[in-house]
Amino acid sequence: MTAPDAEVPAKSGPAPARDFIRQIVDEDNRVGKWGGRVHTRFPPEPNGYLHIGHAKSICLNFGLAKEFGGLCNLRFDDTNPAKEEVEYVDAIQEDVRWLGFSWDDRLFYASDYFEKLYAFAEQLIEKGLAYVDDLSQEEIRAYRGTLTEPGKDSPCRDRAPEENLDLFRRMRAGEFPDGAKVLRLKIDMQSPNVVLRDPVIYRIKHVEHHRTGNTWCIYPMYDYTHCISDALEGITHSICSLEFENNRPLYDWVLNQLPVPGHPQQIEFARLNLSYTVLSKRKLIQLVTEKVVSGWDDPRLPTLSGIRRRGYTPEAMRDFCERIGVSKADSQVDMALLEHCLREDLNARAKRLMGVLRPLKLVITNYPEGQAEDIHFPYHPEDASMGARQVPFSRELYVERDDFMEVPAKKWFRLAPGAEVRLRHAYYVTCTEVIKDPATGEVVELRCVHDPATKGGWSSDGRKVKGTIHWVSAAHALPAEVRLYDRLFTKENPTEGKGDFLDHINPHSLEVIENALIEPALADIPVGENVQFERLGYFCVDKDSTPQKRVFNRSVALKDSWAKAAR
RNA sequence: UGGGGCGUCGCCAAGUUGGUAAGGCACGGGGUUUUGGUCCCCGCAUUCGUGGGUUCGAGUCCUACCGCCCCAGCCA
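Residue numbers for the first sequence follow this note's numbering, beginning at 49 and rising by one.
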């Protein structure tokens, strides 16, 4: 049902609001700035897994291309071999595909351009716009000045182009150790924008690159690489997040000095923040390596692989990305919106089945022992096309512990001594006896009588039963493990304030129910598929499932106005 | 303290020649209902960070403040 690799369907219905980026594209098209061309790119660094914040960017970039009949490239920004790995390259592609987007043959790597980048750097040197600096890292930092004081020129700043060229070539040849020299742009050490104070564009790193191997020992830096890569690919709109706003003058500066085929427009938007979680690669990687969670695909994580395993659908993710909008204001989106998007999607498409999380035995004393019957159960109350299955019913059932109250609260419609409820699609049943463990006082069994005339869950005498509960037949039910998830952090913004964000981990973010019981049909649901456990929530089959025991992840609970009222 | 951004309902977010505050989520109320689900109604900013000013009229223009975010990696 998650339809991996499915193309994003064309949008129907009202057009989404024109965010400021779409307005820029509209205007560009109006004046013919790019000849009607729209070409974007999604440029992840393969140094971690993608998260929901990336989904926002993916939907924006690929979505924009799709809407305007343009193209969107997938480009790995792999200029720092010390941090990047193929594992991430593979995972990222899987995630983008899962979201429903494709890049056809436009899979690129910044490392594809290393040779060109190098040649451009020599040109810059020849034009006297770049120089090799011998200063140490600490010295460069000291020379850079501070936010309020201008920097000062490096002693190497006025080296002759020929000398710079010679040095730069020897850097490439591997004549110097890591950190011995760097190539810097000659811009302005007094600039109020620190980014422009002769930025380093090449550093020496004798590190093997996941794609270029040991071909290089010097690697270009982001500011230099990104703009040129964009230009080489014919990108029209280079969309990135707000923190790169300071870098835009540098982006433009580099492209203005070089004979590149075009000059894309960099546009910055506010990255996503989600309540009760963290969305930074550094923190996510920390959660994984410090084993706070089980891995990159832990269902509690906001990584796309975690979200996918949790049971979120690409449709819900895209809807979410559309609903949050695009702007330049820092914001933190309420987790409730994400959950809403999933519920809305699954409400329409998920089969309804029954599972009991915390079983309480219920015996129907006036139902013949040894008898069983099949109950007709539609898969969806509003969509008959989804079909139906037979659910076995018998004298001994299990119902949800939470559906019984020995001393009912006011407005309680479910089981209680003497109360009549409907067993969904089966019979009306009245609780006649409550059996307790004499030692602990715990309720261990309910005795009930059923009304045979209410078969199917309906009475012809106009009798009103307000409560309907779900059930499984004791003899037919199958064991299952169910994992319930809650927010990973107890603080809305775990990063805020002093102290470590790990101090705010929610100790109850995972609850494993080992002894749940499910109806037989639930055993046939394939891994990854979403279903609704009636009255409980949407669940999906986890990959940890075995033929003996299915494992379900609760993706999101159903809205529960009773629980809300009780609170 | 230099530079770059941002501030419209609890959370997002429209608002584009200034003309009298969209929508979604959340929340509250009611109806329907064999999921206390769904669905359907209704309500929810005399107000746009604040103070001045221009104007017949300002969220939209001017001005002065205030608050928050980003930048001093040989990270991206």
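Among these hints, one or two may not hold up.
[Stated by the list, open to error] The calculated lysine to aspartate or glutamate pairs, modelled on EDC-like cross-linking and capped at a C-alpha distance of 16 Å, are: (1) LYS607 / GLU582; (2) LYS131 / ASP182; (3) LYS512 / GLU529; (4) LYS234 / GLU174; (5) LYS200 / GLU187; (6) LYS234 / ASP152; (7) LYS484 / ASP509; (8) LYS331 / GLU544; (9) LYS409 / ASP509; (10) LYS131 / GLU256; (11) LYS175 / ASP226; (12) LYS409 / GLU490; (13) LYS409 / GLU370; (14) LYS200 / ASP182; (15) LYS591 / ASP608; (16) LYS114 / GLU370.
Think of the hints as simulated: they come from the structure by calculation, not from any bench.
Here is how each hint holds up against the structure:
Between LYS607 and GLU582, the direct Cα distance comes to roughly 12 Å. Compliance with the 16 Å bound is thereby established for this hinted pair. In summary, the hint linking LYS131 to ASP182 is not supported, as the alpha carbons are separated by about 25 Å, beyond the 16 Å threshold. This hinted pair does not check out: LYS512 and GLU529 have alpha carbons roughly 35 Å apart, beyond 16 Å. As the CA atoms of LYS234 and GLU174 are separated by approximately 12 Å, the hinted pair is consistent with the 16 Å bound.
In summary, the hint linking LYS200 to GLU187 is supported, as the alpha carbons are separated by about 11 Å, within the 16 Å threshold. For the hint pairing LYS234 with ASP152, the CA-to-CA distance comes to about 39 Å; that exceeds 16 Å, so the pair is violated. For the suggested pair LYS484 and ASP509, the alpha carbons sit about 34 Å apart, so the restraint of at most 16 Å is broken. For a cut-off of 16 Å, the pair hint linking LYS331 to GLU544 stands: about 13 Å separates their Cα positions.
Restraint check for LYS409 and ASP509: the C-alpha separation of about 29 Å exceeds 16 Å, so the hint is violated. A C-alpha spacing of about 11 Å is found between LYS131 and GLU256, which places the hinted pair at or below 16 Å, so the restraint holds. Distance restraint check for LYS175 and ASP226: the Cα-Cα separation of roughly 26 Å exceeds the 16 Å cut-off, and the hinted pair is therefore not satisfied. About 12 Å separates the Cα atoms of LYS409 and GLU490, which keeps this hinted pair within 16 Å; it holds.
For the proposed pair LYS409 and GLU370, the alpha carbon gap of about 46 Å is over 16 Å, so the pair is violated. For a cut-off of 16 Å, the pair hint linking LYS200 to ASP182 stands: about 15 Å separates their Cα positions. Simply put, LYS591 and ASP608 have alpha-carbon atoms about 28 Å apart, too far for the 16 Å limit, and the pair is violated. Between LYS114 and GLU370 the alpha-carbon distance is near 14 Å, which keeps this suggested pair within the 16 Å criterion.
Checked against the numbered hints listed earlier, the structure breaks hints 2, 3, 6, 7, 9, 11, 13, 15; every other hint is satisfied.
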